[in-house]
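K.L.:
Fit chain B to the given chain A structure using the hints.
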Amino acid sequence: GAGVSQSPSNKVTEKGKDVELRCDPISGHTALYWYRQSLGQGLEFLIYFQGNSAPDKSGLPSDRFSAERTGGSVSTLTIQRTQQEDSAVYLCASSPQRSDEQFFGPGTRLTVL
Amino acid sequence: GNSVTQMEGPVTLSEEAFLTINCTYTATGYPSLFWYVQYPGEGLQLLLKATKADDKGSNKGFEATYRKETTSFHLEKGSVQVSDSAVYFCALIRGGGSNYKLTFGKGTLLTVNP
Chain A
1 GAGVSQSPSN
11 KVTEKGKDVE
21 LRCDPISGHT
31 ALYWYRQSLG
41 QGLEFLIYFQ
51 GNSAPDKSGL
61 PSDRFSAERT
71 GGSVSTLTIQ
81 RTQQEDSAVY
91 LCASSPQRSD
101 EQFFGPGTRL
111 TVL
Chain B
1 GNSVTQMEGP
11 VTLSEEAFLT
21 INCTYTATGY
31 PSLFWYVQYP
41 GEGLQLLLKA
51 TKADDKGSNK
61 GFEATYRKET
71 TSFHLEKGSV
81 QVSDSAVYFC
91 ALIRGGGSNY
101 KLTFGKGTLL
111 TVNP
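Protein chains in written order, with the working numbering: chain A, 1 to 113; chain B, 1 to 114.
For the record, the hints were derived by calculation from the structure and aren't laboratory data.
Cβ coordinates follow ideal geometry from the N, Cα and C atoms, glycine included.
There's no promise every hint is true.
If you only want the chain A side, here are some residues facing chain B, beta carbon under 10 Å, derived [said to hold, decoys possible]:
hint: 1; residue: 33
hint: 2; residue: 56
hint: 3; residue: 59
Excised from the complex, chain A in its bound form (with noise of 0.2 Å):
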């Protein structure tokens, strides 16, 4: 079946600019991930969706990071006044209720000019 896709593969954008990257997660999998892997900080965990529960933002760096994920399947993460400090791959996973299996998607590379 169909894995986790992100999209765009790759975006390029300009210090300031805002930023959408889109997660599209295994069908039926219940909690879906977002992570950062940078040069400097290695993967680091941003924010997690389980179902209907309110999402855990613990690992968020700035109110600039935002996510929605809308009916329970696609993921939207928007960084707004991207800095340089922004640039990254950025991952998404999702993995079945109930399990501690996640799978990831081939990442989104950003790059803030």
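P.N.:
This is chain B only, laid out in the frame that chain A set:
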């Protein structure tokens, strides 16, 4: 807080050599432990896992044993192949609760030469 420390790379080996990548962790409670692999140009994939002390995870010839007394989860393979060239990440999920967010190590780049 939770943290994972793994040996820094890069690691370069010849085909059929023995591989060890060290991983130690700090966590509250009883975490589940994982190794993820990222092949060139691909996304992260779960390689193996162990959920309690003394469990051994294994897959594709790789093994790791959950050692609570040494808080370690070292990855081993007896005979590496060129196709094993990738970045390997050790990770944990804190025990308890329903939020399975992963805490990762920095990753170890493995290059296997023919």
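K.L.:
Give a verdict on every hint.
P.N.:
Against the structure, the hints:
1. 33: 7 Å, holds
2. 56: 6 Å, holds
3. 59: 7 Å, holds
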